[in-house]
Amino acid sequence: MQRLKLILTIFALSTVSALGQTVIKGTVKDAKGGSIPGANIYIKDTFDGVNSQADGSFVFETEESGSHILVVSFIGFKDIEKPIELTGKPLVLDLILQEEINKLDGVTITAGAYEASDVKKITVLKPLDIVTTASAAGDIMGAINTLPGTATVGESGRLFVRGGEGYETKVFIDGLEVRNAFGATAPNVPTRGRFSPFLFKGVTFSTGGYSAEYGQALSSALVLNSNDIAEKTQGDISLMSVGGDLAYTKKWDKTSVSGKIQYTDLRPYQDLVRQFFDWEQAPVGKVGELVFRHKVSKNGLLKVYTNIDVSNFRIRFPNINRDGIKDTISVDNNYAYVNASYKDILNKKWSIRGGLSTTYNKEKVGFNNDKIDEVEKGAHGKVALNWDASDKITVNMGGEFFHKRFDRSFGLSDGPLDSFGFEDNMIGSFVEADYFASNKLVFRTGVRYEHSTLVNQNWVSPRLAMSYKVNDYGQFSLAYGKFLQSAQNDYAFVNRQLAPEQATHHIFNYQYIRENRVFRVETYWKKYDDLVKFQSPNDFNPLNYNNTGFGEAKGVDVFWRDGKTFKGTDYWVSYSFVDSERNYQDFNTLATPSFLSKHNFSFVLKHMVQPLRTQFGATYNYGSSRPFHNPNRPGFQNDRTPDYHDLSLNAAILLKQNIIIYMSSSNIFGRDNIFGYEYAAQPNIDGIYDRQPVRQGAKRFIFLGLFITLTKDGQENQLENL
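Numbering-wise (the numbering used here), the sequence shown opens with residue 11 and increments by one.
Be aware that one or more of the hints could be misleading.
[As the list claims (entries may be wrong)] List of simulated lysine to aspartate or glutamate pairs, DMTMM-like, C-alpha gap at most 25 angstroms:
1) Lys264 <-> Glu241
2) Lys358 <-> Glu91
3) Lys372 <-> Glu384
None of these hints come from the bench; they were simulated from the model.
All chains should be modelled from the sequences, with the hints used to inform the complete structure.
Next up, the structure:
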């Protein structure tokens, strides 16, 4: 009897226990119906749970009862927290996980964009690359000219992108416009960018299809992002073959102030190295920079940058129309640029950035006994908001204004003083949204509005882009957009009613990045409308200027970079093919402009030899022949220059941890590159138009420098600035 009672008791207890258990089973799938193995399914705040099987199915039991939360999680997907009621009856659940959008590491828009940044994980160039490229000689623009989409125009020094002229590339610092970003120059004398590479932590070079945030740029936008608060207090001394500079940075807890003075004098150098140019006074320049950075709050950062640049030179050119008698051109330039920017994170969904930049550029040009004075004043103000509307939608929107005042006066030796000028106030606004359909697919749509008071017109420019990530390493991108740019000062001051020139971009891109290797290929088609036309240069009749010009450019750009195959060696290869024709300015038919090479090729190599504590570099640039008009032949744009070749070398030697010796030479083989020809206005007695070549200033440019950095620990150097 006792044994029977024990058996009945055990049976009763097991029955109660069984009645208190609940079986939970089901499947875990993604939004497309695919099974998700390995998902974690559990009851919140308990130890009851299981992982899904290979087919996504799961089953487990729990002794819990009442109301609970069932949690389902898997990497790359949003967690599910599903309320359930545990009553002892089996629960059958079909669970659908939605992909979690990763806006930082997921798919990004790459069509037309080359980024150089230490912040981004996926980049084509790093800031160090910009300042250690042999052919660049420390010039940001020179380094960018080794990327596909650019063309070597040696007599200019500016950025010519995808069949566009130099003025079609606009420069922005922290999102704010920089007017007159290149130094003062004379016709057929190359110039350089005004700003030092060490100022910037990142560079975005867009060859087309760029964001609706950027306007007044017909072909390209170069966006320079300045450094944040300095990391430490230090001083820098630079002694160079063309001058020197002193820099000092003071760092506090939330503030840093940096100052720099630079003196450049090419007169001693010109006396040592034979020049093709006949300098009466070689260029002399004085630059002062002041940078203030202050952390206003946890996320708020204020930056103020000031650049003062004073330069002058005098040069003589043989005048082919006066039997070689030389004309004297003098240039005195006073330049000032101030950029104040602020950025902050307002909350989890909103951030703000904006600022104000001002430019003052005064240039006095002398041509023999004639004088031309130009003054350009510009201002750009912007406020932009970023809104993370949801995990799939991000919106960038804002408003801005541009102010420009341009005045030119002529003091001719045989005539009265004439003055011309104009003023334009332009209002712009933009809105752009990124929609992340998944971690593999993103769409961008935007629109830009602009109004000009000068011509009293409004324009709306749409922008579209998308990218699809094929796998972890490769993706395709498309981009389309309309872009416009106000008529250049040389034309607008004659005819103030000229409408902006316009371009429509179509871009298709593939990019593959894996293990320190980058491959990009991009094809594009660009259509130009409303280009400025006139009957002849230097025509001051406004009736002879109009917007009837047009043209197109199409081509393919290829880029390969490899920093893995060879130990201590990094190299990249760029190739561009462009086919472009225009009927603009004083062209009498559709033709290829004189600045355009159909084929452009660059090879950049950098190798570090640790035992010698030396980085060696080499750059080879090639540009195919360029068309020009030869009046001794029938037709238009009927002749071609020789091909362009340039091999440059450099070396940076770490003499001590804080002392560097830097050497570079462009065009080491001394090739006499010809960029075109100037022809006489009238034929000689034999009926032939005489000509003289347009060539580079010297066979090669040699640079030597000693760079010393002073810090408490003596461990810092300027290698990243060379």
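Pair hint outcome, Lys264 versus Glu241 [Cα-Cα no greater than 25 angstroms]: Between Lys264 and Glu241 the Cα gap is close to 11 angstroms, so the pair holds against 25 angstroms.
Given pair status - Glu91, Lys358, alpha carbons within 25 angstroms: With a Cα-Cα distance of about 22 angstroms, the restraint between Lys358 and Glu91 holds, given a limit of 25 angstroms.
Restraint status (C-alpha distance of Lys372 to Glu384 at most 25 angstroms): Roughly 6 angstroms between the alpha carbons, so the hint for Lys372 and Glu384 holds.
Checked against the numbered hints given earlier, this structure breaks none of them.
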